[in-house]
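Chemist: Take a look at the letters that make up each chain.
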Amino acid sequence: MADFEVPELREYPIVPKLKEGTMAHSRPYVAAGKFQTPLGFPEELVDNWKEVAIDKMGELLGKYRSLQVFLDACVHCGACTDKCHYYLGTSDPKNMPVARQELLRKVYRRYFTFAGKYFPKLVGAADLTEEVLDEWYSYFHQCSQCRRCSVFCPYGIDTAEISMAAREIMDAVGKGQKYCNEIIGKVYVVGNNLGLPEPALKDTLEGLEEDIEDDTGVKVRLPLDEKGCEILLVTPSADFFAEPHVDGLMGYAKVFHEAGVSWTLSSKASEAANFGMFIGSYENMRKIALRIREAALELGVKRIVFGECGHAWRVAYSFLNTLAGPFDFLDQKYPIPQHICEFTYNLIQENKLRFNKAANDDMRVTFHDSCNVARGSGMGKMEGGQFIIPRAVIKAACNHFFDMDQDTIHDSTFCCGGGGGLLTDDLMELRVKGAQPRAQALQRVVEDHGVTNMAAICAICKSQFTKVLPYYGFTMDQIVSVHQLVSNAIVLKGSEQEAELAGETE
Amino acid sequence: MSLVTTLYVGLFYLATILLVAGLALRIRKYAQTPAPLKIPTMPAPLTETGVAMRMAREVVFFESLFRSNKWTWIFGYLFHFGMLLVLLRHLRYFTEPVWFWVNWIQPFGKYAAFAMLAGLLGLWARRFLVDRVRYISTPSDHLMLALLVGIALSGLGMGYLVHTDIVAVKAFFLGLMRFSPQPLPADPLLLVHLGLVAILMIIFPISKLLHAPGVFFSPTRNQVDNPRERRHIAPWAEQMEASER
Chain A
288 MADFEVPELR
298 EYPIVPKLKE
308 GTMAHSRPYV
318 AAGKFQTPLG
328 FPEELVDNWK
338 EVAIDKMGEL
348 LGKYRSLQVF
358 LDACVHCGAC
368 TDKCHYYLGT
378 SDPKNMPVAR
388 QELLRKVYRR
398 YFTFAGKYFP
408 KLVGAADLTE
418 EVLDEWYSYF
428 HQCSQCRRCS
438 VFCPYGIDTA
448 EISMAAREIM
458 DAVGKGQKYC
468 NEIIGKVYVV
478 GNNLGLPEPA
488 LKDTLEGLEE
498 DIEDDTGVKV
508 RLPLDEKGCE
518 ILLVTPSADF
528 FAEPHVDGLM
538 GYAKVFHEAG
548 VSWTLSSKAS
558 EAANFGMFIG
568 SYENMRKIAL
578 RIREAALELG
588 VKRIVFGECG
598 HAWRVAYSFL
608 NTLAGPFDFL
618 DQKYPIPQHI
628 CEFTYNLIQE
638 NKLRFNKAAN
648 DDMRVTFHDS
658 CNVARGSGMG
668 KMEGGQFIIP
678 RAVIKAACNH
688 FFDMDQDTIH
698 DSTFCCGGGG
708 GLLTDDLMEL
718 RVKGAQPRAQ
728 ALQRVVEDHG
738 VTNMAAICAI
748 CKSQFTKVLP
758 YYGFTMDQIV
768 SVHQLVSNAI
778 VLKGSEQEAE
788 LAGETE
Chain B
887 MSLVTTLYVG
897 LFYLATILLV
907 AGLALRIRKY
917 AQTPAPLKIP
927 TMPAPLTETG
937 VAMRMAREVV
947 FFESLFRSNK
957 WTWIFGYLFH
967 FGMLLVLLRH
977 LRYFTEPVWF
987 WVNWIQPFGK
997 YAAFAMLAGL
1007 LGLWARRFLV
1017 DRVRYISTPS
1027 DHLMLALLVG
1037 IALSGLGMGY
1047 LVHTDIVAVK
1057 AFFLGLMRFS
1067 PQPLPADPLL
1077 LVHLGLVAIL
1087 MIIFPISKLL
1097 HAPGVFFSPT
1107 RNQVDNPRER
1117 RHIAPWAEQM
1127 EASER
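Top to bottom, those sequences are chains A and B.
With our numbering applied, the first sequence corresponds to residues 288 to 793, in that order.
With our numbering applied, the second sequence corresponds to residues 887 to 1131, in that order.
Please keep in mind that the hints were generated in silico from the structure rather than gathered at the bench.
This structure is a prediction, so every number in the text was calculated from the model and none was measured.
Ideal placement from N, C-alpha and C gives every residue a C-beta, glycine not left out.
Do not take every clue at face value.
[Stated by the list, open to error] Covered, in the sense of this in silico footprint (three residues per stretch, anywhere, with C-beta under 8 Å from a C-beta of chain B), are these stretches of chain A:
| id | stretch |
| --- | --- |
| 1 | 350-360 |
| 2 | 381-387 |
| 3 | 390-403 |
| 4 | 408-419 |
Model the full assembly from the supplied sequences, consistent with the hints where possible.
Modeler: Okay, here's the thing in C-alpha cells:
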C-alpha cells in the first residue's frame, strides 16, 4: 500500500540509530505565483534572493526575541535529539530538533555573529547557498511546530519559532509552500480552508438538522449567519463534511440546544484554523483573525466559542486577543474566546446535561492530546486545564476511558504527524512515519486495555489519523471526535432517547 | 615589573572589559527585542510569582533537562554546581578580609573542583559515545570543553601537585582591582590556568555560553499564561495596526 517502508510498532519505544539523508527527498510542492500574490509574497524565487533572505532574517531577529535568544542559546547538549516524532519515525538526523535549528543557525552565525564571520568552520557557520535553501525547504517542512522539543530543552528553545521564521524567509524570497498558501488564499476569497461557499454550508447544515431530528425526534438547529444570537461558533471547516468531524459538530449543536442559548455559525468566519501561523506570518495570521472579529461585530453576538481544532485553539487562546482585540464589545463575563470543551464542561459541572453513558458502551476510549492544545494553549482558569477538561467531558459521556503511556500524553504528547501545514498528500511518507510514536502508544492500550477508539479535539489530528492509522493496521473509524461521544450519549429533553430511558426505569 | 606580569595585567583588564561590555550589549539586545505574542510552553503559570518559581526551578534544578535526559542532567549538574562552588571559593583571592561565608565553603569548594571535572568529562564522553550528540557536535563544542577541562586540571594541579605562591597571586588580583599592579609569580601551571580563564572570559559574550543570560529571556519560560485576559502587543505590531486606520 505504500512505496516506502512503514515503521514497525514495538512493544517498548526505542530511539533509532541515525540514518543520514533518509528524508532528504521529502518536500512539499512549491507554491505557484497565483498562490503567492494574494498573501503579499513574490511569485517566484527573486533574483537577489540571498540578499532578501539575509535582510529578512535580520528583520525577524529585530522583531522576535524568541528567534534572537533561541539562535544564540543552544549549547548542543542533545536533550532534544530523541524527542521529535519525525526523528523517531524517520531516523533522519536532520529531524532532530537541534539539527533542524542548525540549518538556520549556521546561516545566522555566518552573517550575524563575530565567531561565524571570522571562524566559520570552528563554530559550524555556513554561507547561504542554493543547497542550503533547498535543505531549508525540505526540513522546515518536516517540522509540525508541535513544540515537544521546547518542553525538554533546558532553555525552552522552541523549534516551532525557528521553523516559522524559516518559512517566512522562504515566502519572502518567493519559495512558498503550495498547500498552506493556497489555503490561506481560499480563506481570503471564500472564508474557509476548504473553499465551501455559503450556499453549500447552508445545505450541509440543513442536512445535519434533519439527521439529528431523525435520530432523536428533536428539532435541533444549526443556524448560519443569524444576527442577534448570543454565541458565534467558529469551527474548522472540516467539521462541515468530513468524518468523524461532522459528528462532533452535531455534538456542539446538541449541547447548545440543551443549554438553551442562541448561537450561529458565520459564512465569513467559517474557518477556525489559522494557517498564517504555520507560515510564521504575523500579517497573514492577523488578517485571518480579523475576519472573526468582523463576523462577530456584523452578527452582533455576545460571545465567541471555538470548535475542536488544535492549532486554531492555540491562535484563539494565545493570540486572538492580541491580533484582533480588544473585544470590548463582547460579554466580559465569559472567556474570550471560549473552547467548546470549556462550554460543555461548565454545563456538566452545573449538572445541566443528562448523559446515557451506555450509548458509548461499544467503545473503550483513549484520548490523544493534540500538540497545539497541550503545549500552546490552555482551558479553564487552571494550569493544565487543557488536559483535565477534555478528559472530564469524555468521562461524562463514556464508561470506559484509558490513558496512553505517561510519556505520550499531556505536555509530552506526540503530534499526530500532520500538523503545522504538513497535512498534504505530497508529504504522505513523512506523515505516516511521523505518526509512528503515537501509533505505538495506541497499540499498547489496545493490547493492554482493549481500547477500541481514540478521541481527539483537532481537525488535523482527525484527518491525519483517519488517513495514516490504516498503515499501522488500525481502521479509519477508530478516530472519533470528543463531541461525537457527547453527541452519542447526551439525552435531549423531549427526545426518543429520553422516552426510552423513562420506559426502562418504569 | 616583569614581562609576564605586564602581559597578564593587560590580558585581565582586556578580558574584563570584553566580558562586561559584551554581556551588557547582548543583554540589552535581548531586553529590547520585542516578544510580540504569548508563547510560553504550556501549561504555564497563571501568575508572575508562578513564573518566577518556574524560572527558579529551571536555573537551580535544570528541571527541563531532568525530564529530558538523566545522564546529561547528572553531568551538567555536577559541572555547573561544582563550578559555582569553585568560583565562590575563589572569592578569597579577591577580598580582604575574606568574607566569612567564603571561609565556610572553602572545604566544599576544594572537592567541588573534582565534581566539576567529572561533569565535564561526562559531558565530553557523550559527544563521542552517543551518536546523536556526536552528530550535532561542532569543533567549538569540543574546544569549549577542552578549555574548561584545562582550567580545572591546571587549578587542581596547583592545589595538589605543584603549589604556587598563593599569597602573591592574591596580591596580584587585589592590585588589579586597586589599579596598582603587583608582580605575578611566573609558575607555568598558574600562567596556563589564568591564561585559559582569560580566554573563557573573552569568548563568553560571543559564544554559546550566552545560554547563561539567554535562559532568563526565553519567552517559552518567562511568560505568564494570561493572553485571554490581556493583550500582549509589540510596538511594531501596534504601528502596523495604526497604519491601517
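Chemist: Could you work out which earlier hints the structure fails to respect and list their numbers in ascending sequence?
Modeler: none
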